[in-house]
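Colleague: Residues per chain are reported as follows:
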Amino acid sequence: MSSRAQAEQHIEVHKFYGGAMALAAFLALVLQAFLNKYGSWAAMLELPLLIIIYFSVSRRSPAIGLLLGAAVGILQDAVSHMPIGFYGIAKTLVGYVASSFGARIDTEHPLSRFGLVVGFFFFHQAVLTVLNRLILGRPGIYFSWRLLLASVVNAGIAMALYPALDRLRKPHG
Amino acid sequence: MIDFPSKQRPFTLLAIVLLLQVLLLAFQIKRERDVRLVRVWAAELFTPIQRVATWSLSGLGGGWHNYIALRHLRQENDQLHGELDSLRLRNRELESRALEADRLAALLHFRDTHTEAPMLFAQVIGASADSTSRIVFINRGERDHLKRNLAVITPDGVVGKIVEVTANSAQVLLITDKDSGVGALFTETRTQGVVKGTGEPQLQMEYVVNEERVHAGEAIVTSGEDRIFPKDLPLATATAARPGNPFQKIDVKPVARLDRLEEVIVLLSQQDISLKPETEVPASAPATSASPPTNPKGQQ
Numbered sequence: 001m002s003s004r005a006q007a008e009q010h011i012e013v014h015k016f017y018g019g020a021m022a023l024a025a026f027l028a029l030v031l032q033a034f035l036n037k038y039g040s041w042a043a044m045l046e047l048p049l050l051i052i053i054y055f056s057v058s059r060r061s062p063a064i065g066l067l068l069g070a071a072v073g074i075l076q077d078a079v080s081h082m083p084i085g086f087y088g089i090a091k092t093l094v095g096y097v098a099s100s101f102g103a104r105i106d107t108e109h110p111l112s113r114f115g116l117v118v119g120f121f122f123f124h125q126a127v128l129t130v131l132n133r134l135i136l137g138r139p140g141i142y143f144s145w146r147l148l149l150a151s152v153v154n155a156g157i158a159m160a161l162y163p164a165l166d167r168l169r170k171p172h173g
Numbered sequence: 001m002i003d004f005p006s007k008q009r010p011f012t013l014l015a016i017v018l019l020l021q022v023l024l025l026a027f028q029i030k031r032e033r034d035v036r037l038v039r040v041w042a043a044e045l046f047t048p049i050q051r052v053a054t055w056s057l058s059g060l061g062g063g064w065h066n067y068i069a070l071r072h073l074r075q076e077n078d079q080l081h082g083e084l085d086s087l088r089l090r091n092r093e094l095e096s097r098a099l100e101a102d103r104l105a106a107l108l109h110f111r112d113t114h115t116e117a118p119m120l121f122a123q124v125i126g127a128s129a130d131s132t133s134r135i136v137f138i139n140r141g142e143r144d145h146l147k148r149n150l151a152v153i154t155p156d157g158v159v160g161k162i163v164e165v166t167a168n169s170a171q172v173l174l175i176t177d178k179d180s181g182v183g184a185l186f187t188e189t190r191t192q193g194v195v196k197g198t199g200e201p202q203l204q205m206e207y208v209v210n211e212e213r214v215h216a217g218e219a220i221v222t223s224g225e226d227r228i229f230p231k232d233l234p235l236a237t238a239t240a241a242r243p244g245n246p247f248q249k250i251d252v253k254p255v256a257r258l259d260r261l262e263e264v265i266v267l268l269s270q271q272d273i274s275l276k277p278e279t280e281v282p283a284s285a286p287a288t289s290a291s292p293p294t295n296p297k298g299q300q
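Protein chains in written order, with my numbering: chain A, 1 to 173; chain B, 1 to 300.
Think of the hints as simulated: they come from the structure by calculation, not from any bench.
If you're wondering where the values come from, they're calculated on a predicted model, not measured in any experiment.
Any given hint might turn out to be false.
Unchecked claim - Okay, the calculated bits of chain A under chain B, using three or more residues with CB under 8 Å as the criterion: (1) 17-29; (2) 58-70; (3) 88-98; (4) 155-164.
Ideal Cβ placement from N, Cα and C applies to all residues, glycine included.
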């Protein structure tokens with residue numbers, strides 16, 4: 001057996017209580033829409049993205065990750081002014097890639113989670129920029145200091161949010 | 001909980017989900033002139049295919065029209081070549097008939113302009129089988145009142161004389177024959193001599209003294225001294241002269257086209273006639289006005 005296969009065997013696959021993923025995603029969308037009413041600072045937040053990253057990494061299933069991402073993204077499109085599929089595509093890709101990451105590295109450590117959130121925040125932003133440019137015909141940026149700040153803010157929120165979500169896991173055994 | 005085929009076909013599922021959402025986007029987004037993006041993509045997707053299809057069909061059509069549909073071209077080409085060869089033969093035949101008509105028209109014109117001299121038209125029907133003699137046969141004989149030593153001419157000039165006569169044909173000794181001799185004189189100086197055949201296309205004029213100055217191109221006519229040819233018929237032109245002993249050696253060229261004889265005129269008497277310029281056929285003379293060429297009975 002290869003060393004890579006041995007490493008994967010030590011990575012746990014977490015399961016959650018029924019409806020936990022759906023409920024968390026729904027609440028994230030509602031909260032995101034709610035907070036957006038209170039100023040431009042709220043626009044830096046990407047709570048649905050944090051939810052997708054967390055459950056995809058935890059479940060370590062690409063299918064579940066991409067479907068969760070697609071569902072949350074399309075709902076986010078539905079409650080925003082963006083065309084349906086805009087966030088859907090971006091979050092589908094994030095869910096798929098995050099689940100792949102979760103199957104290969106340890107994502108339980110806070111620093112790992114912080115790094116994953118920052119990385120996926122920029123990945124998510126890059127996909128949105130590509131979609132903006134290619135499909136919507138609008139300008140978009142891949143990096144700015146504001147985006148960096150937003151990624152750090154979201155990673156910080158994730159540091160508080162993810163331990164809370166860990167409580168929704170089914171106990172092993 | 002639903003058990004997704006997470007490890008079996010995640011990438012296929014990803015592609016399907018992404019494709020569906022991209023299509024969803026394309027149905028919603030409008031580009032310039034209010035055209036939906038899906039229509040733009042469809043046009044961009046299908047236009048090259050349609051272009052290739054059109055090009056292919058055009059190529060097939062071109063191949064059909066230029067190659068397959070022309071598979072009978074070789075056969076048709078061969079057929080047309082055959083028709084062309086046939087038409088060429090027909091054209092040569094018509095040209096030959098036209099030339100014959102022209103010659104007959106010249107003969108008729110000659111007869112009409114020389115009504116004072118009795119003459120008879122004849123066709124050349126053969127030549128001597130002997131390569132050393134210059135003899136032709138004509139389709140006239142005793143039945144046409146021909147006899148020996150009658151002059152035979154064309155509108156161009158002297159041809160020869162009749163040497164043998166049968167019931168329906170006669171033998172004509174051409175002036176190029178070795179045994180032929182015609183009394184002649186130069187038109188300018190009136191110097192007399194005898195034009196003798198050599199067996200070759202060229203003739204020689206003899207009995208001209210060395211003191212006589214002869215110019216190349218000088219015309220020679222019959223003198224009438226031989227009692228066969230009327231006087232002043234065009235006979236030959238001088239081509240070269242050189243001193244000899246005791247007479248000059250003068251090369252002359254016959255004016256009649258002896259190598260292309262087809263119709264000739266037999267003079268039934270030695271009455272003087274002049275061949276040129278009166279015998280020249282007018283340009284407007286209709287070639288078809290000639291009487292049938294094979295059996296002219298125009299004795300005058």
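Colleague: Evaluate each hint against the coordinates.
Modeller: Tested hints:
no., hint, verdict
1, 17-29, "violated (count 1)"
2, 58-70, "holds (count 7)"
3, 88-98, "holds (count 5)"
4, 155-164, "violated (count 0)"
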